[in-house]
Amino acid sequence: MIELRDCHKTYIAQNGQAAVLALDGVELTIQSGEFVCLLGPSGCGKTTLLKAIAGLLRLDAGEVRINGQPVTGPGTDRAMVFQDFALLPWANVVANVAFGLELRGVAKEIREQTARELIHAVGLTGFEGHYPRQLSGGMQQRVGLARALAVNPDILLMDEPFGAVDAQTRRLLQEDLLSVLGRTPKTVVFVTHSMEEAVRLGDRVVLMSPRPGRVRDTVTVDLPRPRPSDLERHPRFADLTEYLWQQLKEMQR
Amino acid sequence: MLGRINRRIRWRSQAGLRLLSALLLALVWELLARRLDSLLLPGCVETIAALARLAASSELWQALWLSNQALVLGFLLAALVGVPLGLMMGRWRAADRYLDPYLSILLATPKAALIPIVIMATGLGLISRVLITFAFAVVVITVNARAGLRMINPSWTEMARSYTATEAQLWRKVLVPGALPAIVTGLRLGVARAISGMVSVELLLVAVGIGRMILDFQGTYNAPSLYATVLVVVFEAVLLLEASRWLERRIAPWVSQGAAR
Numbered sequence: 059m060i061e062l063r064d065c066h067k068t069y070i071a072q073n074g075q076a077a078v079l080a081l082d083g084v085e086l087t088i089q090s091g092e093f094v095c096l097l098g099p100s101g102c103g104k105t106t107l108l109k110a111i112a113g114l115l116r117l118d119a120g121e122v123r124i125n126g127q128p129v130t131g132p133g134t135d136r137a138m139v140f141q142d143f144a145l146l147p148w149a150n151v152v153a154n155v156a157f158g159l160e161l162r163g164v165a166k167e168i169r170e171q172t173a174r175e176l177i178h179a180v181g182l183t184g185f186e187g188h189y190p191r192q193l194s195g196g197m198q199q200r201v202g203l204a205r206a207l208a209v210n211p212d213i214l215l216m217d218e219p220f221g222a223v224d225a226q227t228r229r230l231l232q233e234d235l236l237s238v239l240g241r242t243p244k245t246v247v248f249v250t251h252s253m254e255e256a257v258r259l260g261d262r263v264v265l266m267s268p269r270p271g272r273v274r275d276t277v278t279v280d281l282p283r284p285r286p287s288d289l290e291r292h293p294r295f296a297d298l299t300e301y302l303w304q305q306l307k308e309m310q311r
Numbered sequence: 247m248l249g250r251i252n253r254r255i256r257w258r259s260q261a262g263l264r265l266l267s268a269l270l271l272a273l274v275w276e277l278l279a280r281r282l283d284s285l286l287l288p289g290c291v292e293t294i295a296a297l298a299r300l301a302a303s304s305e306l307w308q309a310l311w312l313s314n315q316a317l318v319l320g321f322l323l324a325a326l327v328g329v330p331l332g333l334m335m336g337r338w339r340a341a342d343r344y345l346d347p348y349l350s351i352l353l354a355t356p357k358a359a360l361i362p363i364v365i366m367a368t369g370l371g372l373i374s375r376v377l378i379t380f381a382f383a384v385v386v387i388t389v390n391a392r393a394g395l396r397m398i399n400p401s402w403t404e405m406a407r408s409y410t411a412t413e414a415q416l417w418r419k420v421l422v423p424g425a426l427p428a429i430v431t432g433l434r435l436g437v438a439r440a441i442s443g444m445v446s447v448e449l450l451l452v453a454v455g456i457g458r459m460i461l462d463f464q465g466t467y468n469a470p471s472l473y474a475t476v477l478v479v480v481f482e483a484v485l486l487l488e489a490s491r492w493l494e495r496r497i498a499p500w501v502s503q504g505a506a507r
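Going down the list, the protein sequences come from chains A and B. Just add 58 to wherever you are in the first sequence, counting from 1, and you've got my numbering. Just add 246 to wherever you are in the second sequence, counting from 1, and you've got my numbering.
So here's chain B without its partners, still in its complex pose (with noise of 0.2 Å):
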């Protein structure tokens, strides 16, 4: 009860420290923006009418409509394969040796270089994009339901095997639960990257959705729309970001307030 509420009150505080950080980041903004007055950077309060334009447009909406549909097929095929890859990965030690060096290459690969190849493949529809967004995606994943796995305390599965667990009950009443903090860190990391993967897509190659607003805005020197444009994939991100973390601490409580975000 006591812990409830102290909690809220540090919520509160924090958020209040938020909101004061972001009030003094729109009023240096629009202060350098008055003082340089350059077609090139907007005022703060000049993207913000920007941006309420645009969301009274349907042109907005359609454009994050098709931007998400690659995010959100991309990411779901990226958790539903990078999760039970790295949980494999992390039990069995031959998979480990197999995959880890494509597992490497994926990760040390800029992801942007993949984009050609991917277009030249499927093409430059929806395919492409959801692969593109699944490469971005899936990297970050896998390594941390593996790690998840590997870091599940041994003596958990020393002491389910000792009272008759077989290898299935294994899996359901102490491995997956016991790597669960990590898959869900791994896909609050993920739904990052698929963001990224996303936006660079269209604006590499594929212009569509938020990404061509993005390069139209760009085109014509229409810079309040364009950091209106801008600040709507931050505020998607954002929000994203933080439904995750919530649902993080939601299924995982008992992994301390104090470990690494």
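With the rest of the complex left out, here is chain A (with noise of 0.2 Å):
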């Protein structure tokens, strides 16, 4: 379970003169197996909480706790998955996907071992030799994906992971993406800014507005799983986003 109470955070800008306020007393509860997508508009701050969830940054008040412990730095119990892939381009498949494991001292024969069942996973057998510059930017993003789940984490932390790729990708994307959990079933924060995105994947979806950035509301997803590749003609899926994009529409009034 990841709780975050009262969270706060304000970016100062390099000319140390306008302050945003990135987070202004957050609240939000995340159940273990669930799969909770962060939605709003540039500069909600919906990364910023990512990234605190991650350890990689520091809030300026309140906490984030994981199954009670408060969360003081990046641990092994979570992995992410950033938008602009972040893959070493000196180092292949295999290595990027093992990097990980590289990092916690896994012997070379077995991080490479589990870095090629994961690229097996994502459906990049073939491309293990292959470097960074040499794949589309879905299959860097499956590099990505698999690097992430290579450790093996409980929380996988994805930050608009698909948002770099055309549509088509995008949606193969996702339906690997779900295809994937359904067989290693994970805690799941999936920051996006396409309301079709966050209904198709999430069990729940937590609509963030900006300046200040704050937690505006929290839509369930009772849409059946696994979500069938139809998703679309089910009645919910249109109620769900034109809800959503109702509320989009508001903040930007």
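Accuracy of the hints is not assured; some may be wrong.
Said to hold, decoys possible - Heads up, simulated DSSO-like pairs for lysine-lysine below, C-alpha to C-alpha not over 30 Å straight-line:
(1) B:419 with A:244
(2) A:244 with A:166
(3) A:166 with B:419
Said to hold, decoys possible - Some chain B residues close to chain A (C-beta under 8 Å, calculated; not the full set):
(4) 275
(5) 401
(6) 407
(7) 500
To be verified - Pulled from the structure, derived: some chain A residues nowhere near chain B, Cβ distances all over 10 Å:
(8) 77
(9) 116
(10) 160
(11) 242
(12) 244
(13) 286
(14) 289
(15) 304
What the hints contain is simulated information worked out from the structure, not anything from laboratory work. Backbone N, C-alpha and C fix where the C-beta goes; we use that ideal spot for every residue, glycine too.
Fit the two chains together into the complex; they arrive one by one in their own frames, and the hints show the way.
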């Protein structure tokens, strides 16, 4: 269980003048095994919130607890997937996927074995020796996903992971993510600014509003699992995305 | 496979063009020399003959050996100091703030102006030549290492931190490999600076090695040999630069070929 209690974070701009209130008293509880999507326009603090859970940034006030333990830094129970993939260009696919295990001191044969299994799981068999620059964006993010899964985390933190790929690739990646999670369930916190993506993937959508960053609403996605690939035809899908759209529209005003 | 063949074809046509331009230059040189018929401008053929004579004598090789001692030692020293210094300055703002003024001074000062000072301090021996070669090369090596570290994609370090990297792991597995292309570029440019440092000091104050040969030939108006000796320096410089460029491509193949050279 992830608990966020009264989280505050202010960014000071480079010139020392303008301060941005990225998180203003955010309260959120995420159950184990839950898939939560953080949705909101740019500047609503959703990435800040994700980084706070990852332990990559210090809050000004409030705290993040995981299974009752306060988060003080990155931990082996969490793994992150990045919007720009963050692959190391000098390492091939196997080495990139094995990177997290390498940092944890896992022996070379074992970590490469694990890496190969996950490369297979994300559908990249045959590309083990390729380098990131030889792969398409969608394939690069599969590597990023495999790297996160390789350390076998309880919690998967995903920061707009499919934001940088085209629409078809995005759909494929979403389906593959769900099928991977079907086999090895995890708690997922997924940042997105696409309503459809949030509804298609999440058990719950946390809607955030910008300046100051606050939780505006929480929507439970009462759609069947496993999610069928023609989920758009489900009447609730339209209701939910329409509701989220109205909320987002109001925020822009 | 196809890429390799393409590269080879491109390399061949490039080499052909280079050879052609060199031949053209030699032709213009020879024609100009014949037309002017001056004692001060030897012809291309004459120079090559002098080069052959020099290459057969032990004088040239001894001079090269002597000069290159300073080059090798000075360059190695510059690399050993410059790379860690640049990396440190790239990583820690405090180090940068304290050291940057000195780097700027060294960057702006004509290095030749340092030669008398160094020689006054350390005498006319190998040490002064090494130190001057060092001073010529160290700035560009430091500046490039610093730039390499600064240009590292911040999401790589964030990624490594999120996967629980320690500071030592961050250095070993992200920062050094990430800065490597720029470091190697700095070393390549450093080689060029070191060569000019080596020759400058020999010409200006400590007359030994190649510099002494140049001065001797100049003093006796032996123009063909003078030109031949200068050609030797040029050859060595080009050879070293090509070697380091090759090394650069070997070490950092992920940096696109279109990047600045």
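Against the structure, test the hints numbered earlier, and report the numbers of the ones violated in rising order.
-> 4, 10
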